[in-house]
Amino acid sequence: MAAVLDAENPDFGVYLGALVTANNLTIPNASLYWDRALSAARGRGIPWATVFGNHDDMPFEWPPKWSPPDGVPPLRCPPPPTSTPDSALRTPRIDLMAVEVGANRLSYSSSGPMELRPGVSNYVLQAVFVGHNHGLDWCCPYEELWLCFARHTGYGGYGDWPRGARIIQVTEEPLSAVSWIRMENGSRHSDVTLSS
Numbered sequence: 000m001a002a003v004l005d006a007e008n009p010d011f012g013v014y015l016g017a018l019v020t021a022n023n024l025t026i027p028n029a030s031l032y033w034d035r036a037l038s039a040a041r042g043r044g045i046p047w048a049t050v051f052g053n054h055d056d057m058p059f060e061w062p063p064k065w066s067p068p069d070g071v072p073p074l075r076c077p078p079p080p081t082s083t084p085d086s087a088l089r090t091p092r093i094d095l096m097a098v099e100v101g102a103n104r105l106s107y108s109s110s111g112p113m114e115l116r117p118g119v120s121n122y123v124l125q126a127v128f129v130g131h132n133h134g135l136d137w138c139c140p141y142e143e144l145w146l147c148f149a150r151h152t153g154y155g156g157y158g159d160w161p162r163g164a165r166i167i168q169v170t171e172e173p174l175s176a177v178s179w180i181r182m183e184n185g186s187r188h189s190d191v192t193l194s195s
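Note that numbering that gives the first Met the number 0 has the sequence shown beginning at 0, numbered continuously upward.
Because the hints were derived from the structure by calculation, they are not lab data. Backbone N, C-alpha and C define an ideal beta-carbon position, used for all residues, glycine too. Misleading hints may appear alongside valid ones.
What the hints assert, rightly or not - Restraint ranges, calculated between C-beta atoms of paired labels, are given here:
#, residue 1, residue 2, range
1, TRP47, SER194, 33 to 43 Å
2, GLU143, SER38, 15 to 25 Å
3, TYR32, GLU172, 11 to 21 Å
4, ALA29, ASP190, 16 to 26 Å
5, GLU143, PRO27, 46 to 56 Å
6, GLU183, VAL129, 29 to 39 Å
7, TRP160, GLY44, 34 to 44 Å
8, SER38, ARG187, 16 to 26 Å
9, LEU174, PRO27, 43 to 53 Å
10, PRO27, GLU171, 11 to 21 Å
11, GLY134, ALA1, 40 to 50 Å
Let the sequences and hints guide you as you build the complete structure.
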């Protein structure tokens, strides 16, 4: 992470889940591992935020309906029209986001252009980024929105994928957003323009 931060010198960093462990190991002093994970940003005075992953704050157990004999959860698309206790597990993430935004009226402006993203109220939302999903680092368009994985960055989890980080550059005048992957070895790839 230090090499990526030195190459990019970002204004802000976001740590996306499973920072300490991805194997539900008992750690006698998790604070030490948190300090190590965040030390690259802290040591450079870079402000940061974190989104906890399922391995950071609770043990993971497969829900019974996700555990078929072959160990691979079934793909369920589209969601059924009826509501059942596990129906949220089959709801597309963008629909869940729309429900959350609609329920929290204080989280968005009342004067923004609603026609930009009717499914997400009046946010001027151009992309959604998620992280810590193994070696994934792709971006793809979904209707008028970009969905992107952030890249496997740290050494607290499993896997031997080359480490890197998704960089997002936003310019206000004129409004634009671009993204790329900066690898720990200094190389850069997967440049994408997120704004039109």
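For a quick check of understanding: which of the numbered hints are violated here, in increasing order? Of the numbered hints, 1, 2, 3, 4, 6, 7, 10, 11 do not hold.
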